[in-house]
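Residue numbers (the numbering used here), protein chains in the order written: chain A, 1 to 618; chain B, 1001 to 1228.
Certain hints may be false.
[As the list claims (entries may be wrong)] Stretch by stretch, here's where chain B covers chain A in the computed footprint (C-beta under 8 Å, at least three residues):
id, stretch
1, 9 to 15
2, 241 to 254
3, 296 to 309
[Claimed, not checked] Selected chain A positions facing chain B (in silico; Cβ < 7 Å):
id, residue
4, 6
5, 18
6, 20
7, 21
8, 22
9, 334
Derived by calculation from the structure, the hints in this document are not laboratory data.
Please read these numbers as outputs of a predicted model, since none were measured by experiment.
Glycine included, each C-beta is placed from N, C-alpha and C at the ideal position.
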Amino acid sequence: MQQLEKILPQVQKPARYIGGEWNSVKKDWDKAKVRTAFAFPDVYEVGMSYLGLQILYHLVNQREDSLMERVFAPWADMEHLMRQEKIPLYTLESHRSVKEFDILAFTLQYEMTFTNILNMMDMAGMPVRSADRDENMPLVIAGGPCAFNPEPLADFIDLFILGEGEEVLPEMLDVYIEAKEKSIGREELLYQLAQLQGVYVPSFYNVEYFESGRVKAVTPKYSDVPKVVNKRLLKDVDKAPFPTHPIVPSIGAVHDRVMLEVQRGCTRGCRFCQAGVLYRPVREKDPQTLLKQAEDIVANTGYDEISLTSLSTADYSKVRPLITALLDRHAGKGVNVSLPSLRVDAFSVDMAKEVQKVRRSSLTFAPEAGTQRLRDVINKGVTEENLINAVTGAFAAGWHSIKLYFMIGLPTETYEDLDGIASLAQKVVKAGLDQGVSRKRLKVTVSASSFVPKSHTAFQWEPQDTLEELRAKQRYLKDKLKVKFINFNYHDSATSFMEAALAKGDRRLGDVLQRAVGMGCRFDGWDECFQYDKWLQAYEDAGLDPKWYAYQLYDYDETLPWDHIDAGVSKRYLAMEHKRALQEQVTTDCRDGKCPGCGLCPSMEIEPLVLGRDDNGV
Amino acid sequence: MVSKYKIMFAKTGMSRFTSHLDLSKLFERALRRADIPIAFSQGFNPHPKMSVAVPLAVGVAGERELLEVELKEEMEPQEITRRLNEKLPAGVKVLNVKKTEKQKKSLMAMVQQADYRLECMVTEDLEQSEVEQVVSDLLKCSSIVVQRKTKGKVKESDIRSGIHFLEGKVDSGVVTFNARLNTGSGGNVRPEEILIQLKEAGLPIDCTCCRIYRGDLYGDESTTDSLW
Chain A
1 MQQLEKILPQ
11 VQKPARYIGG
21 EWNSVKKDWD
31 KAKVRTAFAF
41 PDVYEVGMSY
51 LGLQILYHLV
61 NQREDSLMER
71 VFAPWADMEH
81 LMRQEKIPLY
91 TLESHRSVKE
101 FDILAFTLQY
111 EMTFTNILNM
121 MDMAGMPVRS
131 ADRDENMPLV
141 IAGGPCAFNP
151 EPLADFIDLF
161 ILGEGEEVLP
171 EMLDVYIEAK
181 EKSIGREELL
191 YQLAQLQGVY
201 VPSFYNVEYF
211 ESGRVKAVTP
221 KYSDVPKVVN
231 KRLLKDVDKA
241 PFPTHPIVPS
251 IGAVHDRVML
261 EVQRGCTRGC
271 RFCQAGVLYR
281 PVREKDPQTL
291 LKQAEDIVAN
301 TGYDEISLTS
311 LSTADYSKVR
321 PLITALLDRH
331 AGKGVNVSLP
341 SLRVDAFSVD
351 MAKEVQKVRR
361 SSLTFAPEAG
371 TQRLRDVINK
381 GVTEENLINA
391 VTGAFAAGWH
401 SIKLYFMIGL
411 PTETYEDLDG
421 IASLAQKVVK
431 AGLDQGVSRK
441 RLKVTVSASS
451 FVPKSHTAFQ
461 WEPQDTLEEL
471 RAKQRYLKDK
481 LKVKFINFNY
491 HDSATSFMEA
501 ALAKGDRRLG
511 DVLQRAVGMG
521 CRFDGWDECF
531 QYDKWLQAYE
541 DAGLDPKWYA
551 YQLYDYDETL
561 PWDHIDAGVS
571 KRYLAMEHKR
581 ALQEQVTTDC
591 RDGKCPGCGL
601 CPSMEIEPLV
611 LGRDDNGV
Chain B
1001 MVSKYKIMFA
1011 KTGMSRFTSH
1021 LDLSKLFERA
1031 LRRADIPIAF
1041 SQGFNPHPKM
1051 SVAVPLAVGV
1061 AGERELLEVE
1071 LKEEMEPQEI
1081 TRRLNEKLPA
1091 GVKVLNVKKT
1101 EKQKKSLMAM
1111 VQQADYRLEC
1121 MVTEDLEQSE
1131 VEQVVSDLLK
1141 CSSIVVQRKT
1151 KGKVKESDIR
1161 SGIHFLEGKV
1171 DSGVVTFNAR
1181 LNTGSGGNVR
1191 PEEILIQLKE
1201 AGLPIDCTCC
1211 RIYRGDLYGD
1221 ESTTDSLW
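Assemble the whole structure, with the sequences as input and the hints as a guide.
This is how it looks when you write it as structure tokens:
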């Protein structure tokens, strides 16, 4: 590709676009019966930090009859030159045009990457709408957390995969290969794929609306297409294929280290958290499995850091003995262990002490809300005492910089809760001073993000705070936090407003997305790229209002735009959780055996797998 | 007992787009994968004792780049070559390894010059005599001032004294220049700057379609031996 060599010297970070990394797999194109391009709709450094990519890449490439290659969203400079030189979107492994693949598979991690999905199809020379693509075009599929409200993308994606992909993706490939051998047409192929649990083909469903604009019903067009599509999940995460030869990125990725997944799912039940519902139930891996995997990955990658990843690693029953065993085996070779997230308690600080011999970076805690009342509303089982104990321990152990994450705009929030954020931050400062942290070095960083209600959570019926309210709250906090030792960080809430409209959106938003892309919206999750005025224009041109979507308050008995997508937790339970939230009642963690009755385990014939706390060696 | 080695490697093909910083990481990881016991600095924040002699601009291929590394124990140079080459990604290859004596100066501090080869497509017919004329005229200049952007500011810089050798040969639509240029902490002449000068002097070359290769690295001006 001579043209490519010509443009690469002209772009920032050209190594994003070349491939050839250690452990990347380039298979014989002609020997593969099905060829899939895995597309991550953000830049290389972000996409390469995603464990799901590594898992699926190796899963598919281990099959004799299949190959998977990767493609990421080109940054604006590269897009400009590719379009100018007429270079179509290509994969990193074989530098082939994406259009030549059988399947183009997008991952949906964040609503604000949706414009990149459309743009990537356009750069590949494909019509963005499914209806405009013929059988010679790749089958376009998508999975990941945002597939649980896939409706804004329904016009563009041929099928969505709901839940964990390790089993359903190979099943899909089998169906695809058979269909290809029998020369079965696209519609029939989709029909066959729709029979697999976890597969949602949006074109097989009619959406009816009330005059008010709300969804009346979503009904399948064919009798044997499921009315409600259930998610997939792995029964045995411990035995599941885990990539022991992950690709080592050629340029510094956001997470450039061994990602060792210690468990899947989280039992905490925070009411704002979508991942907590989507990845239920919790399934812990055996520490012996993890030790073996860590050893293999370190040997195969040469990384000097092992990160214990999961939604809440401190909750993993065997976390303490696992850390000790990992350090025993690897510390001598200069390989460290890290914890990406800490629970707000002294136990977590003890672990951080153990893994971080040098106190170079700050410690981060997420109390999420400023008062006990609001923390009870969101079911974040954290008290002020937990936080003060944790930070006191951290300061005593030598850290001098603490980051605190909060959300603003949570349901029922008042200015008293904002005052609570300011007062918590000041108590943390006081704890630092009491512990004798140098006044020159003491730093408490408060970050406040704007709450976005998500589908399949207890807050799915809730409206987002208006943009004006969110901005007023940010100004209020900024004023309150003009205090020595405290830094306050926030982003303009316009992005969160657009995110909420898509997260709560329905199928009609496809038109808005297409118009936004047409006006040049890309990388909307990046502050420097986000163009709010163009988004508003796109809504206006489509005759729709983002406020109507983001600020919608639903009743329990209304049909939600995503009601035909089932994450396993019953709507009845979510409604109960919502009511309990408004009554400021907390719900217990199911980790200790008390089942709050979310309905997932009986409906999916599974049980939580918790190994039990035991701090002895592994 | 710490042993010091010098590694000569090539960084060609698509890997020429790997940056200097990423290349260091790449070697550090390859050494670990190859189970070669790299030595670490002392102190609170130990880092591997390894350094690439001189950065190579992104997009320029290196044919005889140098790297210094300290190991915790002695190893046969051939063994290091073999093991590393098994663990390096496409485009990066170890050519030779030798054990070095304790030196006062690091390789990084010694590099002063490098050989470059610049291959350009010509955009119209070009005679060898024209190339020779333009090159000799350029070398006759007592100063060659170029503009450089650093941190948003444009600075003027005279590169003439940094050009030690330059010649060009035309062959079937491609003109190849060989040059010895200042390289390293003591001052840099960028090969692209030479190309721009040659184009401005009238040579019909397409600067966006050039391939640049770096060859041997040199230290003190008084010696013609490379740093290898």
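Hint check:
Chain B is given as covering the stretch 9 to 15 of chain A, and this holds because 5 residues of the stretch bring a CB closer than 8 Å to a CB of that chain, at least three being needed. By the rule of at least three residues with a Cβ nearer than 8 Å to a Cβ of chain B, the coverage given for the stretch 241 to 254 of chain A holds, with 4 such residues. Figure legend: the stretch 296 to 309 of chain A, annotated as covered by chain B; annotation consistent (7 residues with Cβ-Cβ distances under 8 Å, at least 3 required). Residue-level restraint check for residue 6(A) holds (minimum Cβ-Cβ distance to chain B is 6 Å; threshold 7 Å).
The restraint placing residue 18(A) at the interface with chain B holds, with a minimum CB-CB distance near 4 Å, inside the 7 Å limit. A distance limit of 7 Å between C-beta atoms decides the matter here; for residue 20(A) the minimum to chain B is near 4 Å, and the interface restraint holds. Proximity of residue 21(A) to chain B holds as hinted, the smallest CB-CB distance being about 6 Å (cut-off 7 Å). Checking residue 22(A) against chain B by beta carbon gives a least distance of about 4 Å; that is within 7 Å, so the hint holds.
With a cut of 7 Å, the hint placing residue 334(A) at the interface with chain B holds, because the nearest CB-to-CB distance is about 6 Å.
In terms of the numbered hints stated before, the structure departs from none.
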